[in-house]
Amino acid sequence: MTAATLTRPASEQTAETPANRKRRRWVFHAVMAPLTLLWVAPMIFVLVLAFRSFDDIAQNGTAAWPSSFTFQGFKTALGTGAMGRALWISIQVTVPAVLLSLLLASWAAYALSRYAVPGRRIILLTMLAGNLLPPQILLIPVSRVMESLGIYDTLVALVAIHVGFGLGFYTFVLHGFMRSIPSELTEAARIDGAGPVQIYARIIMPLCRPSLAALGALATTWIFNDLIWAITVLRTEAKLPVTAALLNLQGGYVSNWNVVAAASVVAAIPTAIVFFAFQRHFVSGLLMGSTK
Amino acid sequence: MTTVAAPRGRRDRQRAVPAVVWLFLLIPALVEIGMVFWPALNSFYLSLTKWNGLGAAQPVGLDNFRDLFSDDVFRGALKNNVIWAIGFGGLSVLGGLGLALALNKPRRGVGLYRSAIYLPMVFSLAVTGLFWRVQYQPDGTINTLLGAVGLSGLEKQWLADPDTALYAVLVAAVWRQVGYVMVLYLAGLKSTDPTLDDASAVDGAGAWQRFRYVTWPQLKGVNTVVFAVTVIDSLRTFDIVWAMTQGGPYHSSELLSTYMFQQGFTFLNLGYASAIAVVIFALALVFIITYLIRATKEEAS
Numbered sequence: 001m002t003a004a005t006l007t008r009p010a011s012e013q014t015a016e017t018p019a020n021r022k023r024r025r026w027v028f029h030a031v032m033a034p035l036t037l038l039w040v041a042p043m044i045f046v047l048v049l050a051f052r053s054f055d056d057i058a059q060n061g062t063a064a065w066p067s068s069f070t071f072q073g074f075k076t077a078l079g080t081g082a083m084g085r086a087l088w089i090s091i092q093v094t095v096p097a098v099l100l101s102l103l104l105a106s107w108a109a110y111a112l113s114r115y116a117v118p119g120r121r122i123i124l125l126t127m128l129a130g131n132l133l134p135p136q137i138l139l140i141p142v143s144r145v146m147e148s149l150g151i152y153d154t155l156v157a158l159v160a161i162h163v164g165f166g167l168g169f170y171t172f173v174l175h176g177f178m179r180s181i182p183s184e185l186t187e188a189a190r191i192d193g194a195g196p197v198q199i200y201a202r203i204i205m206p207l208c209r210p211s212l213a214a215l216g217a218l219a220t221t222w223i224f225n226d227l228i229w230a231i232t233v234l235r236t237e238a239k240l241p242v243t244a245a246l247l248n249l250q251g252g253y254v255s256n257w258n259v260v261a262a263a264s265v266v267a268a269i270p271t272a273i274v275f276f277a278f279q280r281h282f283v284s285g286l287l288m289g290s291t292k
Numbered sequence: 001m002t003t004v005a006a007p008r009g010r011r012d013r014q015r016a017v018p019a020v021v022w023l024f025l026l027i028p029a030l031v032e033i034g035m036v037f038w039p040a041l042n043s044f045y046l047s048l049t050k051w052n053g054l055g056a057a058q059p060v061g062l063d064n065f066r067d068l069f070s071d072d073v074f075r076g077a078l079k080n081n082v083i084w085a086i087g088f089g090g091l092s093v094l095g096g097l098g099l100a101l102a103l104n105k106p107r108r109g110v111g112l113y114r115s116a117i118y119l120p121m122v123f124s125l126a127v128t129g130l131f132w133r134v135q136y137q138p139d140g141t142i143n144t145l146l147g148a149v150g151l152s153g154l155e156k157q158w159l160a161d162p163d164t165a166l167y168a169v170l171v172a173a174v175w176r177q178v179g180y181v182m183v184l185y186l187a188g189l190k191s192t193d194p195t196l197d198d199a200s201a202v203d204g205a206g207a208w209q210r211f212r213y214v215t216w217p218q219l220k221g222v223n224t225v226v227f228a229v230t231v232i233d234s235l236r237t238f239d240i241v242w243a244m245t246q247g248g249p250y251h252s253s254e255l256l257s258t259y260m261f262q263q264g265f266t267f268l269n270l271g272y273a274s275a276i277a278v279v280i281f282a283l284a285l286v287f288i289i290t291y292l293i294r295a296t297k298e299e300a301s
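For the record, the sequence lines run as chains A and B.
Each residue of the first sequence is one higher than the one before, starting from 1 at the first, in the UniProt record's numbering.
Each residue of the second sequence is one higher than the one before, starting from 1 at the first, in the UniProt record's numbering.
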């Protein structure tokens with residue numbers, strides 16, 4: 001699957017007898033293989049459940065060996081369960097929110113890293129601090145702010161709060177990266193007559209592509225997976241994104257475990273795709289978050 | 001910022017921050033002020049009022065906070081939050097660190113194991129919650145497995161039993177978090193000095209001694225980050241509890257965040273809910289500062 005992507009070049013060479021090493025390798029796999037299986041078992045179980053029929057589950061229980069195979073669970077989840085609509089809403093929120101977050105964050109990071117803005121360190125840390133606040137302290141006033149802006153219960157509000165809340169973190173990470181770009185590059189461009197905007201667009205942004213990709217992968221999963229902001233700024237059921245719709249569906253299809261399982265698989269697939277497609281970026285994005 | 005610039009060059013640049021660059025900074029800053037800092041300040045004000053969302057908020061001084069401490073549900077939620085922080089933090093650090101140590105050295109299959117373990121991290125907490133709700137069903141995998149190994153006496157309605165609900169949710173949350181902590185520790189281990197480990201091995205130090213006296217001290221930086229991140233995360237925890245139990249049964253899995261949400265959005269006790277939010281903030285503050293200090297150090301280096 002993805003075995004090769006994360007292994008690092010061998011750096012440790014320990015002097016061991018071949019037999020000894022072989023035994024250790026055997027012990028390693030004997031422990032890790034069952035553990036890993038146990039780890040993925042809940043996912044596999046839900047996946048299998050999603051393809052079973054309602055009658056099969058009702059008769060034999062959720063934990064029984066499957067004796068049916070049907071797409072009915074998915075059909076119901078995507079259709080009357082509204083997961084199809086919710087998926088489309090989530091995309092409409094996630095794409096603009098990720099792009100806007102990265103755009104605005106790159107502006108702020110550019111200004112703070114390449115120009116002697118007075119107090120830039122304080123500004124940077126204050127922006128980061130904003131992202132570390134517990135969302136609970138923002139929920140009630142944010143819903144009020146959205147009301148007074150006249151965008152409460154619209155997807156615009158959801159995009160706005162995702163951008164506002166995430167900005168500090170993205171700015172901090174991008175700032176760290178932009179700072180490491182040698183000033184000779186931008187100086188040379190400046191002498192050639194390039195203005196700040198050209199330097200930003202032609203030199204800094206292209207060089208930031210790796211960190212933008214990593215942050216993008218991370219932001220996509222964060223925003224797509226959000227629940228609390230969605231239920232804070234949205235009221236109408238027909239406007240809820242995937243996570244919130246999933247919880248509603250769970251209430252409406254109590255004991256229809258195949259539908260619930262199918263819906264959670266539907267909700268999990270997009271981020272799983274992002275993960276497998278951008279695994280390397282995703283992991284480096286997480287690490288950016290840690291060494292900040 | 002740049003160490004290369006001569007004093008004069010630096011002075012030149014200080015004089016000239018072009019207007020457009022100010023704009024670059026101002027627009028994002030204003031967005032964050034409007035969406036984060038202004039609302040946060042409002043919460044502090046609201047916590048000193050009584051308000052149901054209609055009309056004007058009535059200032060009541062510290063009444064909300066006084067009420068909080070005689071509120072059994074709040075005290076229970078606070079206690080649950082402490083259990084949560086310790087359980088969630090402790091288990092995910094133990095698991096993540098253990099797995100990172102096991103999967104640190106490149107061997108065949110390591111990449112596959114790592115991917116499998118941090119895969120749950122990409123799922124939303126709501127999805128994670130549902131995945132586990134299915135397992136915890138009365139006829140779900142967990143009870144079935146217990147029955148299969150002859151422990152049917154332990155079978156329970158895990159999420160409907162006030163004694164187990166919180167821990168059942170905790171297990172699901174840890175399942176998702178371990179991979180993340182593992183990634184952090186793997187990165188930390190990568191930056192440790194392998195020659196130290198080898199040298200102490202040559203000197204005859206056992207595996208535990210090497211870990212305790214050679215590797216562990218080098219992980220100090222990662223530990224700080226993991227500690228701060230986990231505590232901040234546990235105070236924020238909301239989604240997974242909301243998805244699995246909504247704080248029930250009988251508030252047995254209530255956390256501060258879920259109680260705050262109920263008070264604010266179900267009962268419209270906006271002042272009281274804001275007071276809970278302020279308590280959450282106050283508890284998180286120390287760890288936010290820890291995190292920021294560490295960020296400052298990274299910044300300076």
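A few of these clues could be false.
[Stated by the list, open to error] Within a straight-line C-alpha distance of at most 25 angstroms, the following computed DMTMM-like cross-link-like pairs (lysine to aspartate or glutamate) qualify:
#1 LYS50(B) - ASP56(A)
#2 LYS22(A) - ASP163(B)
#3 LYS220(B) - ASP233(B)
#4 LYS79(B) - ASP163(B)
#5 LYS22(A) - ASP197(B)
#6 LYS50(B) - ASP67(B)
#7 LYS105(B) - ASP198(B)
#8 LYS156(B) - ASP56(A)
#9 LYS22(A) - ASP198(B)
Note that these hints are calculated values from the structure, not bench results.
Outcome of the hint check:
Straight-line distance between C-alpha atoms of LYS50(B) and ASP56(A) comes to about 53 angstroms, which puts the hinted pair past the 25 angstroms bound. Distance hint between LYS22(A) and ASP163(B) is unfulfilled; the C-alpha atoms sit about 46 angstroms from each other, more than 25 angstroms. Simply put, LYS220(B) and ASP233(B) have alpha-carbon atoms about 20 angstroms apart, close enough for the 25 angstroms limit, and the pair holds. This hinted pair checks out: LYS79(B) and ASP163(B) have alpha carbons roughly 14 angstroms apart, not beyond 25 angstroms.
A distance of roughly 22 angstroms separates the Cα atoms of LYS22(A) and ASP197(B); the hinted pair therefore holds under the 25 angstroms criterion. Between the alpha carbons of LYS50(B) and ASP67(B) the distance comes to roughly 12 angstroms, so the proposed pair stays at or under 25 angstroms and holds. For the hint linking LYS105(B) to ASP198(B), the alpha-carbon distance of about 13 angstroms falls within 25 angstroms, and the restraint holds. Of the supplied pair hints, the one linking LYS156(B) and ASP56(A) holds, its CA atoms being roughly 23 angstroms apart against a limit of 25 angstroms.
For the suggested pair LYS22(A) and ASP198(B), the alpha carbons sit about 20 angstroms apart, so the restraint of at most 25 angstroms is met.
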